[in-house]
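Participant: So you can see what is in the structure, the chains are spelled out below.
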Amino acid sequence: SQQGEEDPQALSIQEGENATMNCSYKTSINNLQWYRQNSGRGLVHLILIRSNEREKHSGRLRVTLDTSKKSSSLLITASRAADTASYFCATRRGSNFGNEKLTFGTGTRLTIIP
Amino acid sequence: AAGVIQSPRHLIKEKRETATLKCYPIPRHDTVYWYQQGPGQDPQFLISFYEKMQSDKGSIPDRFSAQQFSDYHSELNMSSLELGDSALYFCASSFFGGTGELFFGEGSRLTVL
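Protein sequences, first through last, are from chains A and B. Letter by letter, the first sequence follows residues 130 to 243 in the working numbering. Letter by letter, the second sequence follows residues -15 to 97 in the working numbering.
For reference, chain B alone in the conformation it holds in the complex (with noise of 0.2 angstroms):
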């Protein structure tokens, strides 16, 4: 069956810089989450969209910002990064209806040297 896909999965950037991760969710959800984990510690939800338009927003900082296109998938762009945003990145899909179980995707790790 098909999961959600993220990309990278490694990314290695330097302080100030922009990086972009990607994820394509499981075919007929409508909800991608946006999920930060630092190393030893629980997610952080970050943003969820709902069928293209944001429906929460957690801890994001205002660096960052994400977009849900047409075909579903999703895109959290970093600008301005900080030693402190190394952590695994990790998106989520659920379609409204369903069991309420989230699918994560492998996750993105990000290291900011």
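Only chain A is shown next, with the shape it has when bound in the complex (with noise of 0.2 angstroms):
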């Protein structure tokens, strides 16, 4: 990936365990994006954090950045065999409000194993 790498690329964890995947990315950037996409099916906004915040919650779901060292990461709680699937992070460079394309990562391979 140009932009964003990410880190494991495959994580097998057991049901109920927290599931954590990281991202490390290159230029500058506005905001920061998690989306999730299911074997062969698109993608799904999970959650957007902008480079003026440190951390966000929703749900189950815990994302932090630094933009210091150009990195994030989520965090999924409590894991459920719903939640297999691979996991991408996505930057977008311009204005929160405008229509910039957003670059993605690399992507993590989640697998719940029940």
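Derived from the structure by calculation, the hints contain no laboratory data. Please note that the accuracy of each hint is not assured.
Said to hold, decoys possible - Over the 12 angstroms line for every Cβ pair with chain B, so calculated as not near, a few chain A residues:
hint, residue
1, Leu140
2, Arg191
3, Thr193
4, Lys198
5, Ala211
6, Thr240
As the list claims (entries may be wrong) - Partial list, derived from the structure: chain B residues whose beta carbon lies under 10 angstroms from chain A:
hint, residue
7, Val(-12)
8, Tyr17
9, Gln21
10, Gly24
11, Gln25
12, Asp26
13, Pro27
14, Gln28
15, Gly82
16, Gly84
17, Leu86
18, Phe87
19, Phe88
20, Gly91
Nothing here was measured: the structure is a model prediction, and the numbers come from that model. Ideal Cβ positions, reconstructed from N, Cα and C, are used throughout, including at glycine.
Make one complex out of these two single chains by using the hints.
Facilitator: Here is the structure:
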């Protein structure tokens, strides 16, 4: 990927455990977003964090952003089998309210073992 | 709620043929994006349109062209297809002044034989 690199590329955990995925990017950004993709399906937006925010929560999701390290992490707590999917971070350089493209990272394939 | 509609969902073509993919954005969304995703790869930005004008261009081959029509739907035309064009093609939409998230369709899977 030209922008985001995700770590790890694949992760398998037991149901009920927490899953943490990391994303690094190279350029300055305005916001960073996380998307989920079930195999062969469309991407679904999970959460957006702006460059002036450090942490954000949404249900079982917690996202952190460290602009000094150009990195973000996505934590999914109390994982469920339905969380099995690929997770991508995506960055936007322009205005929060603009229509600039998103640049996606390489993704983490998460498998939840029942 | 209405979502982004893409058609066809699956398409099989021979090398050197032409293919056209269609995208119908969410009503009142003014921006359409096209992404290409190869097997096991991240989505790669191809091109976007805002209010029917091209707004950004990514790694779109010269063999590909796209446009956004007056009703805001968009079409991606691909000619002289190559084996390497086999991929999932996603369309996404958003509106200027919105939350900044993109809404994706389910994709069109193109297989070139």
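Participant: All hints, please: hold or fail.
Facilitator: Each hint, compared with the structure:
1. Under the 12 angstroms C-beta cut-off, the non-interface status given to Leu140(A) relative to chain B holds; the minimum distance is some 15 angstroms.
2. No beta-carbon of chain B is positioned within 12 angstroms of the beta-carbon of Arg191(A); the least distance is around 18 angstroms.
3. Non-interface call for Thr193(A) relative to chain B: holds, since the shortest CB-CB distance, roughly 18 angstroms, exceeds 12 angstroms.
4. Chain B leaves Lys198(A) outside its interface by the beta-carbon criterion, the shortest separation being 21 angstroms against a cut-off of 12 angstroms.
5. Every C-beta of chain B lies more than 12 angstroms from that of Ala211(A), the closest at about 18 angstroms, which supports listing it as non-interface.
6. At the 12 angstroms boundary, the C-beta of Thr240(A) stays outside the reach of chain B, the nearest C-beta of that chain being 15 angstroms off.
7. Here the hint on Val(-12)(B) is kept, as its CB sits about 8 angstroms from the closest CB of chain A, short of 10 angstroms.
8. Against a cut-off of 10 angstroms between C-beta atoms, the interface hint on Tyr17(B) holds, since the closest Cβ of chain A lies about 6 angstroms away.
9. The interface hint given for Gln21(B) is met, as the beta carbon of that residue sits about 9 angstroms from the closest beta carbon of chain A, less than 10 angstroms.
10. The interface hint given for Gly24(B) is met, as the beta carbon of that residue sits about 9 angstroms from the closest beta carbon of chain A, less than 10 angstroms.
11. Below 10 angstroms, beta-carbon pairs count as interface contacts, and Gln25(B) has one with chain A at about 8 angstroms; its hint therefore holds.
12. Because the smallest distance between the Cβ of Asp26(B) and any Cβ of chain A comes to about 4 angstroms, under 10 angstroms, the interface hint for this residue holds.
13. Against a cut-off of 10 angstroms between C-beta atoms, the interface hint on Pro27(B) holds, since the closest Cβ of chain A lies about 5 angstroms away.
14. Taken as an interface hint, Gln28(B) checks out: its beta carbon lies about 8 angstroms from the nearest beta carbon of chain A, inside 10 angstroms.
15. At about 7 angstroms, the closest approach between the beta carbon of Gly82(B) and any beta carbon in chain A falls short of 10 angstroms, and the interface hint on this residue holds.
16. Taking 10 angstroms as the C-beta cut-off, the interface hint given for Gly84(B) holds, the closest approach to chain A being about 5 angstroms.
17. For the restraint placing Leu86(B) at the interface with chain A, the shortest Cβ-Cβ distance is roughly 6 angstroms, inside the 10 angstroms limit, so the hint holds.
18. Look at Phe87(B): its Cβ gets to within about 7 angstroms of chain A, closer than 10 angstroms, so that hint holds up.
19. Interface hint status for Phe88(B): upheld, as the beta-carbon distance to the closest one in chain A is roughly 4 angstroms, under 10 angstroms.
20. Interface hint status for Gly91(B): upheld, as the beta-carbon distance to the closest one in chain A is roughly 6 angstroms, under 10 angstroms.
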